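Line by line, the protein sequences give chains U and L. Here our numbering is used: position 203 in the first sequence is 203, and no number is missing along the way. In our numbering, each residue's number is its place in the second sequence (first place is 1) plus 1000.
FRET-style restraints, in silico, Cβ to Cβ: (1) L:D1041 - U:R183: 32 to 40 Å; (2) U:N34 - L:K1100: 20 to 28 Å; (3) U:E244 - L:V1097: 50 to 58 Å; (4) L:S1081 - U:A234: 48 to 56 Å; (5) U:E302 - L:D1041: 40 to 48 Å.
Rather than coming from a laboratory, the hints here were simulated on the basis of the structure. For clarity, every value in this text was computed on a predicted model and none was experimentally measured. Ideal placement from N, C-alpha and C gives every residue a C-beta, glycine not left out.
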Amino acid sequence: MTNHSKKCEQNASRGALRSILTVALAIATTGCTNLSAVGDISNSLSMASSSWNNVAGDIAESCQRRLAISSSSGSCDDQLAASQGLATANNVLRAYFQALGAAANEANFSVGDGLNEVVDSVNAIPGINTDQVEAVSGIFGFLANLGTERLRERELRRLIDDGAGPAQDVIAMMDELLVDRFRLLLDDEERVLNAAMVTWINANQPSIGTSFERYCTSPIAVFVNGGGDASSYALLQEYCGRFEVLTERRAAISAYEKSLVTASQALQELRSNRTELSGRELAGKLYAIGSELDDHIGSVREAFG
Amino acid sequence: MSDTIFDQVAELCRKSAHASLDSLMELGPRPSGESEGILWDIQARRLRNQIDSLSNMASDLTARAILLDLSEFKAEMDAISEATKKAKESIEQIKEVSRKLSKFARLLDLGLALLALPTAAGSLATLVPAVSAAAKAGRELAKDDDGAE
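Just chain U, with the same shape it has in the complex (with noise of 0.2 Å):
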C-alpha cells in the first residue's frame, strides 16, 4: 500500500468519524434532555406515598390504644377497613409514583455499560486505534441513550396526562376529606383516655388535682410531695405516655397534611411543564418540592418512630 492510499484511508475514516462527531453534536446541542429532576420527585413522591402509610394505619391503631383504656366494649372493625382501603389508595398512588420515576432513570435504558464490554475485546486487536474505537463507541453510546431518551420522554408525557390529574385529585381528597377526621379520631382517644383518667384520680389521687400534666415529666419525689401515692406513679406515667403519643401523632398529622399539599404542587409543575420536562426551571422547582416533602416526610416517619 502506498503512502498516498494510506492517507486516503485514514482521510476517509477520519471523515466518516467527524461526520458522526457532527450529527451527535447536533442532536446534543439541539435536544440535549436531563430528567433526572423528574426521577429525583418521583423517588420524593414514592416515599410520601409509603410514609402516609404510618397515618392510615393509625385510623386502626388509634381505635386498637382508645379501646384498650375503655370501659365499654366495641371492635375496631371499620377503622381497620378504613385503614386497609386508605392503604390501598396510597399503593396506587406509589405505584403511579414509581412508574414516573421508572420512566425518568436513565439507568434502566442505558446502554453504555454493554457497549464497554465489547470495546475492549475490540481494542484487543493488533494495530487498531484505541482512541477511534472508544470515541466511536463512546457517540454510538450516546446516540442510542439520546434516542431511548425521547422514548423515555414521551411515555413521561403520556403519564403525565393520564395519571396526575387524578393522582392530584385523590391526593385532594386526602387533603380535604380525611385530616380533619384523623384529628377527630384522635379526639375520640383523648376523650376517653381523659375520662379515665379523671375518674382515677377523683377516686384515688384527689389531692394531685385533674391537671396531673405538670406530674408527667417530674420525678416520683415531686409527685409524693404534691400529695400523690408513691404506688401510682407508675400508672400515671402509663397514662402520660398514651397523652405524648397523642401529641406526636397530632404532629404527624400536621406533617402529612403539609406533604400532601406539596406533593400536589409537584403533580401540578409536572402538569403545567409537560413540554419542558427536562428544563431547567422545572428542574430548579423541583428540587425545591422535593426538599420540602423529604423534610414533611421526615417528620411524619419520626412521628411513628
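Fit chain L to the supplied structure of chain U, relying on the hints for placement.
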C-alpha cells in the same frame, strides 16, 4: 370536610360525649362518706360508659365516612392504575428498543474498528493476528447478543 350522614351523627355523638366528660369533671373528688361515695361511683361509672360508648360510635361512624369518600374516588384510582399499567408496558418496550440500539451500536463499533484496521496493519505478519483478534471480538459480540435474546 364533606358532610355525610355518618359525619352528622358522629358529630352529635361527640357533642354528647364531651358534655358527659364535663359532667364527670364536675363530679369532683370522690366523697369519703360511704353512701355519698357509692353514689359518686355509680354516677362516675355511668358517665364514663356514656363517654366511651359515644366515642366508640363516633369513631365507627367517622371510619365509615372515610370508606364512603374513598369509594367515590374509585374512578380516579382506576385511571391512575390504568395509566401505571400502560406505562409499565411502554417502559418494557423502551427497554427492548434500548437493547436493540445497543446491539446496533456494537455492530457499528466493530465495523468501524475493522475499517480502521488496514491503516496500521501494513504486513502479513501483523494482519493475521489482527484478523484473528477481530474474529474473536465478533464471536464475543454474537455470543453476547444470543445471550441477550
